Each structure stands twice: as structure tokens, then as C-alpha cells.
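For the record, the sequence lines run as chains A and Y.
Here this note's numbering is used: position 114 in the first sequence is 114, and no number is missing along the way.
Here this note's numbering is used: position 357 in the second sequence is 357, and no number is missing along the way.
Please keep in mind that the hints were generated in silico from the structure rather than gathered at the bench.
Ranges of calculated distance between the beta carbons of each label pair, as one might list FRET restraints:
| hint | chain 1 | residue 1 | chain 2 | residue 2 | range |
| --- | --- | --- | --- | --- | --- |
| 1 | Y | Ala228 | A | Gly135 | 21 to 29 Å |
| 2 | A | Ile302 | Y | Lys105 | 37 to 45 Å |
| 3 | Y | Val318 | A | Glu303 | 18 to 26 Å |
| 4 | Y | Pro277 | A | Ser294 | 31 to 39 Å |
| 5 | Y | Glu331 | A | Gly135 | 30 to 38 Å |
| 6 | Y | Ser238 | A | Ala320 | 42 to 50 Å |
| 7 | A | Ile302 | Y | Arg328 | 39 to 47 Å |
| 8 | A | Asp146 | Y | Ala451 | 48 to 56 Å |
| 9 | Y | Thr133 | A | Gly135 | 34 to 42 Å |
| 10 | A | Ala320 | Y | Leu336 | 54 to 62 Å |
| 11 | A | His19 | Y | Pro395 | 52 to 60 Å |
| 12 | Y | Lys105 | A | Ala276 | 50 to 58 Å |
| 13 | A | Arg328 | Y | Glu303 | 35 to 43 Å |
None of the values given here were measured: they were computed from a predicted structure.
Each residue gets a CB set at the ideal place from its N, CA and C atoms; glycine is no exception.
2 protein chains.
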Amino acid sequence: MAGAVQDNMTEGFMSGLAHYVGDDNVIVAPDVRASYETDWTRRWHGRCIAVVRPADAAQASEVLQMCGDRGVRIVPQGGNTGLVGGATPRGSAPQIVLSSARLTKIGDVDRGAGQVTVGAGVTVAALQRTARTCGFEAGLDLGARDTATVGGVAACDAGGLQAMRYGTARRRIVGLEAVLADGTIVRRLAGLPKDNAGYNVPALLVGSEGTLGFITQVRWSCVSRKEARVVVLIAVESVSEAVAMATSLRWGVPSVEMIELLTETGIRLLGDRLSAPLPVPPAPAWVLVECADSVDPSERLIEVLSDLGVGERSAFAVDASSRRRLLRLREALPELITQDGISHKLDVGVPLDSLSAFYDELRQLVRERSPSHRLIVFGHLGDGNVHVNILGPDPDDEAVDAAVFELVAEHGGTISAEHGVGVLKARFLPLVRSAGELRMMRLIKQALDPASILNPNVVLEEE
Amino acid sequence: MAGAVQDNMTEGFMSGLAHYVGDDNVIVAPDVRASYETDWTRRWHGRCIAVVRPADAAQASEVLQMCGDRGVRIVPQGGNTGLVGGATPRGSAPQIVLSSARLTKIGDVDRGAGQVTVGAGVTVAALQRTARTCGFEAGLDLGARDTATVGGVAACDAGGLQAMRYGTARRRIVGLEAVLADGTIVRRLAGLPKDNAGYNVPALLVGSEGTLGFITQVRWSCVSRKEARVVVLIAVESVSEAVAMATSLRWGVPSVEMIELLTETGIRLLGDRLSAPLPVPPAPAWVLVECADSVDPSERLIEVLSDLGVGERSAFAVDASSRRRLLRLREALPELITQDGISHKLDVGVPLDSLSAFYDELRQLVRERSPSHRLIVFGHLGDGNVHVNILGPDPDDEAVDAAVFELVAEHGGTISAEHGVGVLKARFLPLVRSAGELRMMRLIKQALDPASILNPNVVLEEE
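Kindly generate the complete structure, drawing on both the sequences and the hints.
Here's what the structure looks like:
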């Protein structure tokens, strides 16, 4: 009987949802739901009672109010490319996945301002194409570009490859529209470069990982298009030398867009697995640099590299296919690691002047835990953001993650540079955020979502 | 008797404050207090029971807790250069001015990151000097640089002259320390370029005008120093032509740092009052451009200006004294206006493609209100941020302000581009912020300061 009551309630709830978003957009069929219930790493999965796909903020607002009335939890989801379990169902309480799949409208590019308003479900690649068509660039790029959405990028304050020049998503987002837990719609889409009329509501929602609001639209600020590009790969003797080089390049070469780091074990993996010969000798570290400008940026780059004594240790690429060949080395690495097993992927950041010491201590830490563990470190050197990959420990063994995070904290770093906190890192947050900051975060969460129906247990663990 | 009880309470409160910050830093003498109780425009003034000057966040925390216990309100104050009444005492409730005057510590510049941590009471000019000494620039400049503090700049998300290139304060601030109403200290000073571990607490505090927290330290991100500079002043036929020129320059000349607008009545004022002849003919509008780069930026600038058909209508300055002469024209304008009376100074922004229409309608609006009113518009063309000055109406006549703000709202603009909302504009906020945004702001304010002791009636009017 209780079951029947439950079913009647569910039925009424479902038909209520369908009333607002249409029958086709309340997905209950288990086989269709499945792709929303498991993330692409297959590490995170759970069950939802429905996947709901609103067409706009007004529909999302109705859905959130209905969920609030019934105590149904909401898991916002974009491209489902997250790595920290922040966008998949979890726990046993009734929950829906609120998908941005239909929020794919792309507005006209304002060519004077270099801005465009796009739906949260637009992919990063589609945003990049739109920007390019109008003579701009998006100013943000990441490996998951074809699937990751602008809404997800906003919710996580994603960074990626060009953040050292153009900032993380936070800098590119000059307005947004979102729906709060109680259905309130907040909208600021004018994209004014200077606007301090009241609290910067968009700035708080960016990076809140769907726990404070469901983002429905984003106003994006593009950057000017730069046609002349050059890529250089340099073998160096140590991470310490790589850091010094990154600093010289950052301040000495204004056209630098990307400075990536590869280290010994990753370089060896590339040498072992790739068919083509390596363009520079294996070394303790490689630095991969891309410059872009309206005119050829080579001259200044070569000047600075010469001062640093970089000669035969480097490979220089100007034409598109040579550039791609060098860039491919960095892009191939995550795939090669995946082929060797399920690695612990930790996305951490430390102040640049601590990076070398952190790297040495990290190697020692992994060695001491087990001689059979393999550590592969690479990442965004220009931001002090490295991806720590550890092959060997059981995927569910959190002790190794904890040890790395503690090391990061000792160096004044962050346990999340760009992937977000999600579920994975919520319990480690106190390592890098003071009690005062955590208190402030909780007060904000409680104020905006007192029943904690929006993405519960993401970022902040329920007490 | 009630008075005596009141006095005893006050006495205990004062000695409690002195216990934490020292006798010399609880200022009660009316003549010394006076300079904190009145702002520099003399429009805003009120009475406080004491001016309290903590030496650090820990002291500020004790002061805030004491005030919370006694229901004493707090008005944070930096350089007291605000224009909107956000930093002076108001109303009759017991209140203190919490001054950043002793928070003047300047940390070591991290040369790799280009960052420095400074106390909230450090002036913008001192920050600029520190940055320059180490080969950087602050990347923010404004007229009040010698008095305005970094804490005030942070609290208001100030913009200024270089915002089109380097962003407003929000972009330059990569961390901060603040004390919330209940004494909680929040601190994030590592300045990591990528760090999305939890909500971006600093991003919410920046621009909250002292209503959510008292900022005690700021981590500032400098920009690279650019030695080669050029300034050009161009006479144009209309604001519409000025806007088109600004757009071409912004996207065509990467070294552009500043694009300022002067308009007819302001140009006439300069012609009438300055002794030196004007460097270009009087015109409906002037555009003043500054470029800066590590190498001479003239070539590209001249190329773009030639394409725009700018020839004899312009004055070009490369050496420092000629540049200063041109820049002085723009800087002299506010002073000349002040000489003519107390003007209504409204700091508004509109989307750039609406600026010309807004300007025309604004002129008509002022003309229609009274033929004797004088309108002088100038400002930061590159950001669509103009300073509207109206001479003639009584300083307390809010009707003219309201009419201008309504016009701004019709054009999708903001009633506050850089001065902040303060007390002056709180009641106009609903013109440009939706009910949803205002609701979210109130929820945040209530959560962080339930008794509303921190700068009450600033930004949000008490209900």
C-alpha cells in the first residue's frame, strides 16, 4: 500500500514535470537514463527517477520548484565530462538529473564587444567555432572540447590550456542566467565590462558546481583572433629549470599562450609507445610552449630562448602540421596512461616557486608507498597546475589521494585547480580551505538552498 | 539615569575596544573624528561614537564581535575618496568607523608570479610604486590614486583608466583576507591562478562595499611593465564616430591601454579655461588614446588610424612631457567642473553600441528639464563607462538622478560602473537588477550579517 502511494506520488510528480517540459523531456526509460547515470570514467554512477531536460530558465524554474515541494534532489548535468563525480546521481534519496541538453541556443555575436550569449548546453567546440566565424577566439580550450559544455565549464570554473593568457572560465564569463534552488531566476547578460551595481552574483555562481544554482545561459567574452602561431618543445634538465624557463617566457614573451610540462616517466611512455621518433631527446622534463599573435611571434621567443641557452635541445614548429605534431605529444599522454590501467588522476596546483620541491617530494612519496606504483606528472606549467597520475593503487584506495593532497596543502597549493571538488574531494576540502572560508561557504549554501536539494554532497559534505 | 547607564555601557565598550586595538586607536575626540565623519565631497557626513583602527585581521575580528554583541553598527572606511556615501557614518544608531589606516603593510613582491600581498590601507599609488620597483605595473590607475586604498578599490571593484586592458579590481585581485560580521576571518592569499576548490569567496567580497566583510589584506596580481608609450588625441564629428573608432582600436591595436571620451561642452570648458591653445580643434567629441608596449606601439596604431582617415584632426605624443600634456586635458576636466559648482556626478555604463543613442537622449533630457542646466559627459569610452556631470540642479534634487538612471536602464546599462552603489544609489538598484538578483543578494546579506551591523543601508536598503 505504501508502495502504491509512493507510485501515485511519483506518477503525479512525473506528469507534473512533463506538463512543464514536455513528455519527451522527462526520460524514465532505464536504457536511455543510463548514459546520464554513469559518467564517462565509469567511476561515478547512481540512479535517478528521471532525466529532465528544460528548454529554458522558466521551465527549469518550474522543475526546481516542483522538486523543492516534493523533496526531490537535483543533479545538474552538462556534457558529463567531469572527473570528480559532481554531475552523476548519488545516494538513495529520490533525485533527478537536470540536463542542459536542450539549452543549445547560440546568440548573435556582438562584434563590437566581442561577446556572445550561449545556452549552457552549447559545447566548448561549438562556442569556439562561433567565435572564429566572427573573427574572434573563445580564449578557452580543453581536451573535452567536443563534449564539455559551456554551462559545465562555468559551473566548475574550468581552466584548460590557455588559462595562463586568458584566465579560467571566470575571466571569460561576463554574465549569466541561472535558476536558484527555490526557482528564483537570476539574470545578468548585458556583459558590461564595468558594472558594480550590487554583489557580483555571477562571480559566486561560477565555480559553485551546481550547488547554488542551475546555470542556463552564459555571456562569453571572446578574445581577438591570432593567426600567427609557433610551437616549441624544449628538453630541460629538471623541473626546476622548467619553472625558471616558464617564468622568463611568461614575463618576457607577451604572445605566450600556453606553457606545458612533461616529465621523465611520461616522456619515456611517449618514447616507448609512439611510432615516430621523439623530436627532442628524452630528458628529466620537457617544456612545450605555444605563442600566438597577429604577426609572427617567433623573433621575441627565439631571443628569450637564446638568452636561456636553449639550442639543439629544442624543436621549433611554425607550419600547422609541424605544430600539431608537437602538440600531439602532450595530448597523447592521457590516452597512453589510460591504456595502462585506471590511474588516480589528481588535478592539483601549487605556487610556481614550490613546484620543483613538490615534484621531488611527490616522487619520494609514491616510491615509499610501493615500488610498483608508477607516477606520471604533466600539466599546465604556466599556472602551476599539474595533473598527478598514479598507476598501481586500487582505484578506490583513497589513502594515496589523501597523501598527495596533504603534500599539496603543505606547499600552500590547492587540491583542485580545474576539475572541481565534486564528491571526490569534498572531504579533503578542509586541507586547503580555512575554517573561516568553509563557514562562509556553508552559510551561503544554507541561505540559497536551505533544504539542500541542489547537488547535495558536492563541494560541501552534508553535516 | 538612563543616560548614565548608556554612558557606562559606552565606557565599557570603549575600554573593551581599546583593550584590543590600543588606546591610541580608538579615536573619540570630535575634532579628530571629524575627518572620518565627512567625506571629501562634503555631501556625506554623520556621527560615530569612535573611529577604530585595528592593526590586523585578528584585532578587527575582536572589534566586530564586540560590536555584534552590543548592536553597534560598523562603517568600514579606507581612503574616504568614495562618491556615493558608502564609507561615512549615517543615521542615528550607535556606530563606529572601522578604518584601514593601520593596515599598511606591503609584502615582498613574488617576482615569478608577479604578485604582492598588501594591507587594505595601502594607497593605490604606493601599490603602483611597489610594482614598478620590481619591474611590474599595478595594472590599475585612477585619479584618487594618492588617497584611495587597495581595500577600498577591492570593496568597490573599482575600475579606472586602464580597465579596458587589465580589467577592474576584480581581475587584479587573486586573493584576500577579510573579517565577516560575526568575526569570522576568511583568508585566501596564495594567489594561485587556477584554484576552484570551493566557492570563490574573494570574488563575492570584491564589490560588496563593506556590507559582507571588512577587507584587511589583498593579494594583487601585477602586469608586465611596458616602457614604450604613445598618446594620441583625435577630434571626431560625433560620439557615434568615437564609438566606431574605439571598436577598431580595441580589436586592431593590442597595445591599447586606454580610450577616453570628451564631449562638446567639456571641450569648450577646456578651451575657455586653459591658457595653452588646444592641440586639436574643438569638435563634437574627442577621443584620447594611450598605447603601451615593450617596443614602440606607434606603427600599428598609425596604421589603424590611417585606415580610419584620421590625419590633421589628431595630435600625437611620444615623449613623456608631450604625453602628459595631452593626458592632462582629460584629467583637468573634473577639476574645472568642480570650480563651476557642485555637480550631480553619475557614473554609469551602457553597452557600447547604445552609447551614441544614450548620449543624444541624455542631452535632450537635460535640456528639457531646464535650459540653464549644463551637461558635461566624459569618461572611459573603451568600457562604455561615462561620467555624467550635471551642473544646475540643487545637489539634493534626486529627480534628475532618477531620470538619468531610468534612461540608463532603458539602454540596458548600469547605474554604477565604478563608484559603487553606496547609499546614494541603493534605492535605484531595482532599475538595473532584477527581482531575482536582488533576492539572491538579500539572502546572502542576511546569511552573513543577520543583524545587519556591517555598513547597513549601503547597496541594499533595509526593508
